[in-house]
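These protein sequences, in sequence, are chains A and B. Heads up: the first sequence at position 206 corresponds to 206 in the working numbering, and the numbers run straight through without jumps. Heads up: the second sequence at position 105 corresponds to 105 in the working numbering, and the numbers run straight through without jumps.
Honestly, the hints are just simulated from the structure, not real lab data. Fair warning: there could be bad hints in the mix.
Note that identical chains are pooled: a pair holds if it fits in a single copy or bridges any two copies.
[To be verified] With a cut-off of at most 27 Å between alpha-carbon atoms, the simulated BS3-like pairs for lysine-lysine come out as follows:
| hint | residue 1 | residue 2 |
| --- | --- | --- |
| 1 | K151 | K203 |
| 2 | K159 | K58 |
| 3 | K203 | K178 |
| 4 | K58 | K203 |
| 5 | K58 | K76 |
| 6 | K160 | K64 |
| 7 | K96 | K65 |
| 8 | K96 | K178 |
Small disclaimer: the values here were computed from a predicted structure and weren't measured.
There are 2 protein chains.
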Amino acid sequence: MTSETIKSDRPLILVTNDDGLEAKGLRELIEVVRSFGRVVVVAPADAQSGMSHAITVKTPLRVKKMREETDMVFYKCNGTPVDCVKLAFHQLLERKPDLLVSGINHGSNSSTSVFYSGTLGATLEGCINEIPSIGFSLLSLDSDADFTAAKSIAGRIIKKVMENGLPRSVCLNVNIPKGTEEELKGIKICRQNRGSWREEFDKRVDPLGRHYFWLTGYYHNNEPEAGDTDEWALRHNFVSVVPLQTDLTAYTMMDEIRQWDL
Amino acid sequence: MTSETIKSDRPLILVTNDDGLEAKGLRELIEVVRSFGRVVVVAPADAQSGMSHAITVKTPLRVKKMREETDMVFYKCNGTPVDCVKLAFHQLLERKPDLLVSGINHGSNSSTSVFYSGTLGATLEGCINEIPSIGFSLLSLDSDADFTAAKSIAGRIIKKVMENGLPRSVCLNVNIPKGTEEELKGIKICRQNRGSWREEFDKRVDPLGRHYFWLTGYYHNNEPEAGDTDEWALRHNFVSVVPLQTDLTAYTMMDEIRQWDL
């Protein structure tokens, strides 16, 4: 058996993020997945926070191989996280990957943040393409955050997903509180909390006297008492794991709307 | 009763889109909603197709009042469709609107396109904020498309939503085939089709000899035989109405993942 055959027998893992190729969280996640298989990293050149599931349709995409070593190759792309995933699937990888991991994001992606997050955009894109996909986020915006506990948790979850797989059209949204592994109370399987961002735009005046806005704001929890949500878990120092689906159909509403006699 | 009081008693309707303030589809949708109440239009300055649920966090947002007439005001914004909705909710509107409509998009937003579409991004953002919200799309990319039938359909659906409301966390994704109203076979309440885009990137070489990519591709339907999906309805010349929910939790998977003993 040649070394090529041995190499090609190992699982193929696609890694991406939305904080960009230089982010510490990406490096830490790569360290975790290296032991599970061959790793292909395709990450945005710059931070792409808030890019959600956006795709680039008006400008050309560029992708550059940055580095290659045993069982690992790094590409950087000028597009969004979802562009990275699409380029990987359709241009860079020789076959469908066995796993997609996105992150580890610097900052929370719990609750409705799944809609805004580029980290989760990439994860959901993997899921749409029927690849077992996991998005990881650490509840710290610090660019030099301590990922020790997050890496350990990520390793445990990746191992289980590699063993058990994930059903088609389901991916995982994993959020990890700050702190040491001893401080974490455990891992909770949760539902997505209901809430929204209350935007308090910061209204300013530029040197030419024109108004402009910066988006700021805070998260408003619509159900702070509920004990089965990701927000509750994180507030109580549990890791939250929310299985997400890409079918958004509100099945319970279909019959009611049929009564409207449209 | 003063005219101001009369005015403020009318429903308040927020209109946005992702094709930009100059798009014909937006003008046509405004014509439809004018008869239902006061209209505030907050739309992107330029086309924002593929912007999904993206928010602008790295650059300042600017918004400009373009025109005001009886019971109607137009704003243009340099951001994404979701930025437009957030600015409307938190800066421009004096109260929560009674309805949000987004579109009429030039081109389909059925199936998994809800993830990429700025039109649906804005619709889902309304829904997250508990506003009855509807996204409309016409299956024609023509910038001068005929919206006659689409307007009639939109009017019927808006009327029903104004009468019946929508449950919290549910919004509507309406796609309308091309053609006259007589050619349409009716309105079908559907589920989101399962499928994905098969990206065939167009790989080119720039004048400096460097490669770049344009995203192209075609939709692959994973369940072409299913008769209850939006794709099926549209292919058979029905208008498709898919109720969408903003809770992405895959509830059926929660127990299974609990067995993993993480």
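The hints, checked one at a time:
| no. | hint | verdict |
| --- | --- | --- |
| 1 | K151 / K203 | neither (39 Å within a copy, 37 Å between copies) |
| 2 | K159 / K58 | neither (39 Å within a copy, 36 Å between copies) |
| 3 | K203 / K178 | neither (32 Å within a copy, 43 Å between copies) |
| 4 | K58 / K203 | between (30 Å within a copy, 15 Å between copies) |
| 5 | K58 / K76 | both (19 Å within a copy, 20 Å between copies) |
| 6 | K160 / K64 | neither (33 Å within a copy, 52 Å between copies) |
| 7 | K96 / K65 | within (19 Å within a copy, 48 Å between copies) |
| 8 | K96 / K178 | neither (34 Å within a copy, 36 Å between copies) |
Going down the numbered hints, you'll see the structure goes against 1, 2, 3, 6 and 8, while the others check out.
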